[in-house]
Amino acid sequence: MLEIKNLHAAVDGKEILKGLTLSVGIGEVHALMGPNGSGKSTLSYVLAGREGYEITQGSVTYGGKDLTAMKPEERAAKGIFLAMQYPVEIPGVTTLTFLKTALNAQRRARGDSELDAMSVLKLVRQKAAALQVSEEMLKRALNVGFSGGEKKRLEILQMALFEPALAILDETDSGLDIDALKLVADGVNALRAPDRAMLVITHYQRLLNFIVPDRVHVLADGRVVAEGGKELALELEAKGYAHFMREPA
Amino acid sequence: MSAALAAIETRRSEALDNFRTRGMPHRRFEHWRYSDLRAILDAGQVAQSGTAKWRVENLPQGVELFDLARPADAPEWVMQNLGAVGNRPTMKEASLAFADGGVALRVAKGRKIAEPLRLQFSSAGNVRLLVVLEEDASLTLMETHDAEAGLLRNVGVEIALGGGARLSHVRLAAGAPKSITVEHIAVTEARGALYRGHFVNFGSRLARTELHIVLQEAGAEAHLSGISALGGETHADVTSHIEHAAGGTRSTQLFKNVAGGRSRAVYQGKITVREGANGSDSRQTAKALLMGLRAEADLKPELIIFADDVKCAHGAAVGDLDQESLFYLRSRGIPEKEARRLLVRAFLEEAVAEIEDENLRTEVWHEVEHALPHAMVALQ
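Residue numbers (our numbering), protein chains in the order written: chain A, 16 to 264; chain B, 113 to 492.
Because the hints were derived from the structure by calculation, they are not lab data.
Don't take every hint at face value.
[Unchecked claim] Among the chain B residues that face chain A by a calculated CB cut under 8 Å, a handful are:
(1) F439
(2) R442
(3) P447
(4) E450
(5) A458
[Claimed, not checked] In silico EDC-like cross-links for lysine to aspartate or glutamate, where the CA-CA straight-line distance does not exceed 20 Å:
(6) K449/B - E129/A
(7) K93/A - E448/B
(8) K93/A - E43/A
(9) K154/A - E462/B
(10) K221/B - E247/B
(11) K93/A - E450/B
(12) K154/A - E247/B
[As the list claims (entries may be wrong)] If you want the ones that stay clear, here's a sample from chain B, every Cβ over 12 Å from chain A, calculated:
(13) S114
(14) R132
(15) Q157
(16) R386
(17) N390
(18) D410
(19) I417
(20) H426
(21) D434
(22) S437
(23) K449
(24) N471
Here a beta-carbon is modelled for each residue, glycine too, at the ideal position from N, C-alpha and C.
Take these sequences, add in the hints, and give me the full structure.
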């Protein structure tokens, strides 16, 4: 469903992705691992459509269509969800208002009817309990004053609510202690489904103990340098990134 | 001629002399720097603009109303206060000299009025408002200005608050892109009095809201807030001067501006802490969001402190919408236009939240929503 071919992308004129090729099939869970600066977050932003990322070469198709031509909101409506490494704080917008606005915008774009406030609240409550997102959090301004763990849980709550076909999890494990990590991972695992693909981006193998991938890709210097099954992550943990960077795939 | 009439006529002729001697305010005066009134209006036009209309939509029980068009019958409380509250700036002197009408309101000692009083100003001209709250009285005043202001509408407001009195004042001015709108509000506060003023501006050719507040006795408080949502070629200037004349007085100010098109938002906030006013606490914040490259905001806090033991904080910031927030919202499926609007609304939220009365807050939001598309036009 996601086909990335020979992707080159630059930020402020500096090339970060240098011929990345990667393909994710329907319902598959892929892990993308790599050291700092390898281009992991750049890829996630390119896929979500953030401005300022210039694609200089190659292609990205999603469901057979050119993804790069779509606005961020179109991508979301078509089922792409990016759980961000650093979710943004927005004072003045309550979390619940944000969830309702986003959910209804996606529904509208897909031609579905909008849900009223009560129905949204019911739906949110139903999904929030398992992620330990409290009523109080929902009433607070979006991500304002949230702990690292709360922010990540709210990202996963959004994923549960929007039911994406492709979820990209960008360093969802960063800044979490083991309990918080487990809670988030359980939330993600509960959302695994035959029609939901995931691209789990991480620096460390630790997260993959909890979210076990079908495929693992190693990214270094803007390119995929190694690929394999879940055991590749363990090998990587044992040998370190330097080992893989010396022998390009 | 009655004694009341004679006293009022004396004060009015004094005001006329002051206006004639000083002439029109212009940008060479520091506090008129961003709003050059003389460049677009002459003294003759002010004198000939007549008297604007006022209408009290509801008079809650316990509020006394006097029509200033009948000065000969003025009661004692009007005679004592009309033209006597606060300082005597030029345009306020003009409204006193030229307005043959206006309204005076009084709430007697200890009376607390729950229902908001709604007062509307309409048409062009000068007009006066006097509000007297006696000791421990309280009132919520919703003052609206309609859009048909002709060449000039010049409103002179005096508010005298007795000890422990509380006034919540919301002023909602409709956009009047072809008119010049000037309002001067003077407030004096006795011990423990509280004034809350919220000013909503949608701009006019030149819109000036000038506040002069004197916290005369210990424990007096003033809390000012407001928003300006401006588009097209409009302008809105809020200039405040709060004087902490006694110790233990408190003031806060929070003004948010959204300026699009070729509009200009101005905020000047001066705080004076007089000698001996120890333990005074004042805070002011002014922020502006600029839409596009043609809009302008001028924010100028100013502190003049003659006392030693005071707390004064001020801040001003001008910027545009946060791109990271915008991307976050869009990545969740919210279309760009809606996301921008959500962020602008969020920016204003804090200031609108200062309005205590929920119905009035809802009414203000309604008007703001209506004005935002215009204020969010970004020209390059």
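Here's how the hints hold up against the structure:
Below 8 Å, beta-carbon pairs count as interface contacts, and F439/B has one with chain A at about 5 Å; its hint therefore holds. Given the 8 Å rule on beta carbons, the hint for R442/B holds: about 4 Å separates it from the nearest Cβ of chain A. Of the supplied interface hints, the one on P447/B holds, with its beta-carbon coming within about 5 Å of a beta-carbon of chain A, less than 8 Å. Interface restraint check: E450/B against chain A, minimum CB-CB distance 7 Å, threshold 8 Å, status holds.
Among the interface hints, the one on A458/B holds; its C-beta lies about 3 Å from the nearest C-beta in chain A, closer than the 8 Å criterion. Taking the CA atoms of K449/B and E129/A, the gap is about 18 Å. The hint holds against a cut of 20 Å. With a C-alpha separation of about 16 Å, the suggested pairing of K93/A with E448/B holds against the 20 Å cut-off. The hinted pair formed by K93/A and E43/A meets the criterion: a straight-line CA distance of about 17 Å does not exceed 20 Å.
For a cut-off of 20 Å, the pair hint linking K154/A to E462/B stands: about 15 Å separates their Cα positions. About 5 Å separates the Cα atoms of K221/B and E247/B, which keeps this hinted pair within 20 Å; it holds. Under the criterion of a C-alpha separation no larger than 20 Å, the hint pairing K93/A with E450/B is consistent with the structure, at around 18 Å. Taking the CA atoms of K154/A and E247/B, the gap is about 39 Å. The hint is violated against a cut of 20 Å.
The claim that S114/B is not at the interface with chain A holds, since no C-beta of that chain comes within 12 Å of its own (minimum 55 Å). With a closest Cβ-Cβ approach of about 48 Å to chain A, R132/B is found to remain outside the 12 Å limit, as its non-interface label requires. With a cut of 12 Å on Cβ distances, Q157/B stays outside the contact zone with chain A, its closest approach being about 42 Å. Distance to chain A confirms R386/B as a non-interface residue, since its nearest Cβ pair spans about 35 Å, more than 12 Å.
For N390/B, the requirement that its beta carbon stay farther than 12 Å from each beta carbon of chain A is met, with the minimum near 34 Å. The claim that D410/B lies off the interface holds: its Cβ sits roughly 24 Å from the closest Cβ of chain A, which is beyond the 12 Å cut-off. I417/B, annotated as away from the interface, keeps every beta carbon of chain A farther than 12 Å; the closest lies near 31 Å. At roughly 20 Å, the least C-beta separation between H426/B and chain A is larger than 12 Å, which holds for a residue marked as non-interface.
At roughly 8 Å from the closest C-beta of chain A, the C-beta of D434/B falls inside 12 Å, breaking its exclusion from the interface. For S437/B, the condition that its CB be more than 12 Å from all CB atoms of chain A is violated, with the nearest at approximately 5 Å. The claim that K449/B is not at the interface with chain A is violated, since a C-beta of that chain comes within 12 Å of its own (minimum 10 Å). Look at N471/B: its CB is around 20 Å from the nearest CB on chain A, clear of 12 Å, so calling it non-interface holds up.
When each numbered hint is compared with the structure, violations occur for hints 12, 21, 22 and 23.
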